[in-house]
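Count the sequence shown with full-length UniProt numbering and you get residues 1 to 1229, in order.
If you are wondering where the hints come from, they were derived from the structure by calculation, not from laboratory data.
Treat the hints with care, since some could be wrong.
[Stated by the list, open to error] Straight line, CA to CA, 27 Å or less: simulated DSS-like cross-link-like pairs of lysine-lysine:
1. K668 x K963
2. K150 x K4
3. K466 x K222
4. K1228 x K963
5. K425 x K222
Every value quoted in this text rests on a predicted model; they were computed, and no experiment measured them.
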Amino acid sequence: MTNKTLFISYSHDNDAHRERVLGLSQRLRSDGFFTQLDRYVPGTPEEGWPRWMLNRLDEAAFVLVICTETYYRRFRGHGQTQDGHPRHERTRGKGTDWEGAIITQDLYDHGSRATRFVPVLFDASHARFIPEPLRPRSRYLLDSDTGYGKLLDFLDGVAGVEPGPVAERPPGKRRRTSPLVLDNTQSPPSPRSPQSPSSTFDPHIASTRLPSSTGELFGRQKELARLDRALRDPAIHVIQLIAWGGVGKTALVVHWMARLAARDWCWQAPDGPPDDSPGHPPDHSRTPRTNNHPSPSPTKQNDVPRRARRYFDWSFYSQGARDRGSPSADAFIAAALEFFGDPDPQRGSPHDRGARLAELVAREPAILILDGVEPLQYGSGPLQGRIEDPALLALVESLAQRPGAGRLCVITSRRRLTDLAAFEKHTVIAHGLEHLHPRAGAALLHHAGATRRGAATIHPDDGELKHASREVRGHALTLHLLGSYLGRAHGGDISRRDRVPFQDANSDQGGHAFRVIAAYENWLQEDPSLPGNGYLLPEKGLFLAILGQLLLRTGILFLKTSLLFNKASLVVLEDGERIGKERWFLPMAKRIRDIAIALRTAGSWIGGLDARLHGIERPRQGAPRRPGPAGSGEPRPITPEQRRDMTNRQRMLAILRLLGLFDRPAHKDLLATLCREPPIRGLTDPLVGLAEEDWNGAVHSLQDLDLVSQQGGALDAHPLVRAYFAERLQRQTNDIANLLRLADAQVKADPAPPKAAKKVDREYPPSPWVSGHRRLYEHLTTTTPERPDTLVGLAPLYQAIVHGCHAGLHREALHDVYMDRILRGTGPDGFYSRTELGAMGADLGAGACFFEHPWRQPAARLAARDRAWLLGEAAFYLRALGRLQEAMEPLQAALRMTVEQEDWVNAATGAGNIGQLAVILGDLEQAVADGERSVQFAERSEDWLLIRDGKVTHADALHQAGKTEEARRLFMDAERLQAEQQPQYSWLYSVRGFLYCELLLAEAERAAWQCVGEWTGAASPVGAETGTPPLEDTQQGRLSPRSPTGQQRDALTVDCHQVTERAAQAMEFALPRNRTLDIALNRLTLGRAALYRVLLAAVAPVAGHGGAGGAPAEGTAFQAALSPREYADIESHLDTAVDGLRAAGRMEFLPGGLVTRAAFRAVSGDNTGARVDLAEALDIAERGPMPLLKVDILLARVRLFPSDPERAALEAEARRLVKRHGYDRRAKE
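Given these sequences and hints, build the entire structure.
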């Protein structure tokens, strides 16, 4: 069969789109079609592009029309700007214009017979961009293997179903091929080309969530090569790209991803030069030529290039360039687990889910890109750079240390991930992305639009372009914006860059970019009808701008002062006489009040509360000036074209300001909500009632400037652009509002306000910032289902909380949205998002919105009860997520609040929580003090449950501090109180019972550890060779200085039996109620008691039967002392305990369970398992930090492996921690 010729008509939207079209062409070639593509032509064809396109269209049996928004716009001839002038890239898009004209004429000539034009879509949402003449025809969506197979069937003329003979079974299924970029569905190989990539490779490629990248990539060839080398190097698991915002991290990974997709996700294209081969100029990165052609068919299996089996990416940058709460990785972890095949993405603690995802990623060759993780890192202080989210932390740490090859995780961030410092130079690369070299910066400037110096045309390597690049220190985003700004506003003249004041800009954190965005803002709001600089008269404009700011600032200062004077002047003595100073004090206050009222009037007149509220700061030094009529200050006449251009620029600026309301891409329905009637004064006036064509025109103009991008029905901008306009909205709209509110408060405080000030009780309209967020909050809360069941379904409600709090609707957002719809109540059956979805990170992020200063000061708008509740919730989530030190601050703030309110019930609970957390953090002095305070507050509340809990908290702190007898008495008091109030429960249960059992087993535990050497064949107990003081008698001589005597062993064995009885009874209480934590703690207690009982039995039946490392090689000594059932019971108790503690998410208990299981494994001969448990426990303790548990772990490691070469250092560190934290419970060990 003759190969059919196909011509692909498409637009060059961006690099990723071009590479995708190239990949489609290569796939079709591998399936037997002869495709024609402009990128196969080296340079410009001899006949010129118009004639070349016409010839290719004539030759083609079919023309595949790749429909996108850009293609549709250019097909319709909308490739010009609103004023009719060509864009700065004067010929861009002309090919699509010509092809569109030819296709339209062909359809007109042949009518319904012209079936060779085939609409093809990569995204279902692009259906609306099919050109009108092609809409009646069948279109083919290439988002699955099924869609690609249907296209092939049509091209082969075998569409439909071939009927079989009557009364006979039809023939087998027709051919199906692999998709171009597909979901998780696998398909059988294509029979058409058994040796093609389609037949040997079926990857699972997730739809990208990375921001779309436009234009070329400059100066990053070395970084692209570094990424390729890391992908090919099996020793590298993680690579970090570190740089401040706007340097080009995201653009780099997007281009790299597009290159990989173009070569079918192959590590390296066979028979081609390496990606870092010489020959490419260092200032301009482009895909190697060999990647533009299909890979040769392999002759041997070993010749097949290695490819990624799975690709997944996630962009955290949409969480904002500024702090808006506390971001979480919950949505990412859930989506990634589902993509990589986890059957239950919500199962387990955050740490477990992250570790499970790492295991899934490592199973087969995979690429994982995490873009912009800085919102989830600590920004300052001793924890700077560490990851806050435990799931994400577990993922990246597990990927760094998990063995395996063929997978790479690429992370971009503004801060180095200090959690991975230990893996650097081994499995992790931390690469600081440098600013662009002057040569590359000059090329980027020229490409973006700076193509002239004065009237002369310049080349990309022009010296002034290089000098401009040095001025902004090679900041990529600044150079890109500057080039497009000069191209549009100043005809591409690089010498006009002095219109942008770069002096004193902070280049590292986007300051240079902010200056260019400010220049754009000035240009967009320029009025050509005004003489001078286009805003106001040059001299008066600058003067009034400065005066307006002085009036605002001075007015606020005087009003605040006036309020203080008024309050002081109204102080009255008991006899009704005013204080003596009133004679000069009150007149001064009234005078200040009059001045303030005058200032308020002036400020309101200049600034206004109308649509030009932002106009106060329009004039800027260095703003472009245009000469008006000589000696005339009158407005100049403007042409209709100028007026249309001015109107379009006003719309462009309004759209940019709208994006300042978002910390993520703005979906079209939210933008439509903002632009509906009535207008939001000062924000949406140019956009209300706007026709879709005019809206699209403004958006396309912004896209041409690369200020915004569209993807998946959402409008977005670089985080620095959003941050700039958000800050402008807040600053420009709040100054006058603050002035007016202070003025009103001042007048209301005056007992006898003058007539001029009596009409101040009216409501002032809210600022555009507040009005915009209010409208978004109302839309999201009314259009979202009442109580969605999934984390994805809850996402709009989480977003509504952000907008609601910015609008000042804290109470409504807290009660109506967070408590009622997300948590589904706060009672025993509530907290749905936490208990059912495991969304602790998302809940913490939502709670952060209600704080003015996380985590110590909730919003003042909330009631005292709500503020106290939020503080307690924040502490709970922070503690559950392992952020223990942060959890202390809200606990202490809540305690202060409840004590001030004499709320003794919550004060007792708060003090108890602080005491428990202080034990975990190793501050035993505070733990003892707050435990005692908890009892005192509980006694004031007369609540016996609180009294019992307070005594237990106090007792546990005393136990850790080595005051065993005092602790024992408090435990007994608490148990006695419980027996009186609950006769059916004579013993403490739940966490309280577990802590008491720990004390009751303390002596047995210490003695059992002394006996470990007897069972493992280890050397003498710890301290015998190092000079550490041996164990001393502490309780009525029950323990000997070294190994316990037989009588002492018997006494301690009785303790183990008693604890077993207690734990068994507590288990009967916990099982019917399915309390995961209680069940796990009881299992741990049962396993410990059984283990210690065996270790305390007679001398091991096999002594000295040692293997390497001091443990028995066969592990039979311990097992011989037990029946198979007894051994299985202990193993089951400990394994179930560890699994249960993981599931419960209580990390403060898990290290203890791991240490006990490590001891069990060691005496059973499983040294490897013991070391794994100890390593995990130590990691948790250090991450906490949990210094007391770290001591326990270090001591266990020395006891189980006394031949460890680090033994001396481990003992020294344990001794240091014991002394530093007053951990006297272990002081004698």
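Here is how each hint holds up against the structure:
Straight-line distance between C-alpha atoms of K668 and K963 comes to about 65 Å, which puts the hinted pair past the 27 Å bound. This hinted pair checks out: K150 and K4 have alpha carbons roughly 16 Å apart, not beyond 27 Å. Among the hinted pairs, K466 with K222 is consistent with the structure: their alpha-carbon atoms are about 20 Å apart, no more than 27 Å. Taking the CA atoms of K1228 and K963, the gap is about 13 Å. The hint holds against a cut of 27 Å.
A threshold of 27 Å between alpha carbons decides the hint, and for K425 with K222 the separation of about 19 Å falls inside it, so the pair holds.
Consistency note: the structure conflicts with earlier hint 1 alone.
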